[in-house]
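Single-letter residue listing:
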Amino acid sequence: MGELRLMKGNEVIAIAAIRCGGDAYFGYPITPQSEVMETLMAERPWEDTGMVVLQAESEIASINMVYGAAGCGKRVMTSSSSPGISLMAEGISYMAGSELPCVIVNVQRGGPGLGTIQPSQADYNQATKGGGHGDYSLLVLAPASVQEMHDFVVLGFELAFKYRNPVMILADGVIGQLMEKVKLIDQRPRWTNEQIAEISGSWITVGKSKNRKKHVITSLEMDSSIMEGNNLRLQEKYNRMKAEEVRFEAIECDDAEYILVAFGSAARICQKTVQIARKKGVKVGLIRPITLFPFPEKIISEYATKVKGFLSVEFNAGQMVNDIRLAVNGKTRVEYFGRMGGIIPPPDEVEVALHQKLIKG
Amino acid sequence: MTEEIIIAGFGGQGVLSMGKILAYSGVMQDQEVAWFPSYGPEMRGGTANVTVILSDERISSPILNEYDTAIILNQQSMTKFESRVKVGGTLIYDPNGIVKHPSRKDINILRVEGSKLAIEMGNPLTFNMIVLGAFLKAKPVIKLENVKKGLEKSLPERHHKLIPLNLAAIDKGQENLEVVQTV
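Line by line, the protein sequences give chains A and B.
Under numbering that gives the first Met the number 0, the letters of the first sequence match residues 0 to 360, in that order.
Under numbering that gives the first Met the number 0, the letters of the second sequence match residues 0 to 182, in that order.
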């Protein structure tokens with residue numbers, strides 16, 4: 000139980016997908032996450048668990064294959080990096096609209112456009128505010144370690160089926176390329192057809208039997224009064240996620256005068272910044288949102304009355320900072336520090352920014 | 000104990016795999032480890048470096064500005080990383096191809112003729128293990144028995160016949176570490 004391995008974040012995504020009983024992976028290679036499919040191909044799970052691994056002709060094809068498999072109640076995953084996720088945006092919106100469960104991994108690189116192959120967090124808004132069209136939300140998990148890359152695949156499938164909603168794992172090139180110790184779950188069996196019928200029998204399209212009503216999976220509804228109802232149902236579901244699924248980690252916040260807020264690799268860097276600053280006597284803490292949607296607004300709002308300010312540290316032009324400002328609602332200062340285009344600042348640079356932007360500023 | 004290491008050189012010198020073996024050895028010793036590579040798009044010839052962190056505690060940032068130890072294997076890396084060794088830290092380098100030798104007075108400086116010794120051993124591929132041996136002599140953060148286990152774990156089975164040669168190379172490095180300066 001609990002095999003210990005040293006693996007890259009990208010590799011462990013693949014292993015976790017197999018071990019948690021995944022039925023299928025459809026994808027198209029792109030740096031910096033190509034090791035996901037490479038590892039799946041090397042592991043040959045189709046010989047062992049029967050899991051399908053297929054390189055599609057494009058990202059658009061991949062996400063539509065995911066749509067099809069999810070419609071049969073299967074546990075299905077895809078992964079890509081920023082430009083590839085943009086190509087998938089239409090399919091993701093359709094899956095959210097049709098309420099189909101799946102896990103989508105985005106190992107972010109710098110943008111916009113083809114951008115760079117170096118790490119970035121510039122897809123925060125795309126992941127948490129849509130990206131595709133329409134009023135929809137993904138449940139977004141932000142891993143900050145190789146262990147979490149593993150754990151969030153397992154958790155992602157659970158949540159995807161709990162809410163019948165696509166789950167996005169929003170990683171970045173740092174966590175994808177980083178190698179750390181990871182404890183793997185033991186191989187779990189794939190669901191049998193009977194289990195699938197039990198879990199998702201009320202909606203899946205696996206062939207209509209004589210006695211039951213026909214199942215239709217679609218996001219299309221021409222009658223606006225029904226379509227508004229569909230939207231209200233989705234919103235109710237997103238509110239349930241907000242009530243039940245918020246996850247975060249608070250590090251050294253109890254006596255903090257200043258709090259850094261960072262997710263994913265930025266949170267790892269900020270952990271060291273906290274250590275450096277505390278050695279110099281600056282009382283600083285770190286809040287690490289683990290779910291980016293639902294965003295941990297309550298804890299931030301609670302600390303807003305206790306601290307002198309928040310610094311949002313993110314590898315983009317300042318995206319999450321807006322969610323922090325909404326949570327803080329003017330009660331204290333909220334500043335932003337970040338780098339773009341694939342530049343990852345070391346902890347000392349963040350510490351300097353903390354002084355310049357918040358303490359002295 | 001936390002040891003933050005940068006290994007830097009050319010792609011193809013075995014920089015990344017040296018880091019990997021070190022990381023595996025750390026796992027064998029029940030330590031927390033992180034291995035984070037940085038390299039250009041080239042397979043060989045470009046610069047390659049890898050950060051390896053070994054620690055008894057949860058590891059925070061894999062991206063660092065300063066290191067306890069820098070293992071430097073070409074001139075570009077010397078230029079880039081000499082200034083980034085912590086005061087009182089350690090710089091180990093192979094003088095082969097180095098035109099501007101390290102000049103800091105506040106760090107330990109050691110050297111190992113890795114390239115030369117590898118040729119003497121009759122196999123240039125032993126280079127990175129010779130350097131690893133020298134590092135472990137300078138900083139015995141990992142027991143040699145765990146390095147052996149790390150090698151077994153990180154090398155595919157078909158390469159296990161090369162383990163004795165690798166261990167001999169590590170010994171070679173241990174025997175040939177030269178102290179230039181200590182602080």
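No lab work stands behind these hints: they were computed from the structure.
Even glycine gets a Cβ: it sits at the ideal position worked out from N, Cα and C.
Incorrect hints may have been included.
Straight-line alpha carbon distances no greater than 25 angstroms define the calculated BS3-like cross-link-like pairs of lysine-lysine that follow [claimed, not checked]:
no. : chain 1 : residue 1 : chain 2 : residue 2
1   : A       : 182       : B       : 142
2   : B       : 85        : A       : 278
3   : A       : 297       : A       : 241
Some chain A residues judged to face chain B by a derived CB distance under 10 angstroms, without partners named [to be verified]:
no. : residue
4   : 4
5   : 20
6   : 53
7   : 272
8   : 304
9   : 305
Evaluation of the provided hints:
| no. | hint | in the structure |
| --- | --- | --- |
| 1 | 182(A) - 142(B) | 23 angstroms, holds |
| 2 | 85(B) - 278(A) | 16 angstroms, holds |
| 3 | 297(A) - 241(A) | 10 angstroms, holds |
| 4 | 4 | 9 angstroms, holds |
| 5 | 20 | 27 angstroms, violated |
| 6 | 53 | 26 angstroms, violated |
| 7 | 272 | 8 angstroms, holds |
| 8 | 304 | 28 angstroms, violated |
| 9 | 305 | 24 angstroms, violated |
Checked against the numbered hints given earlier, this structure breaks hints 5, 6, 8, 9; the rest are met.
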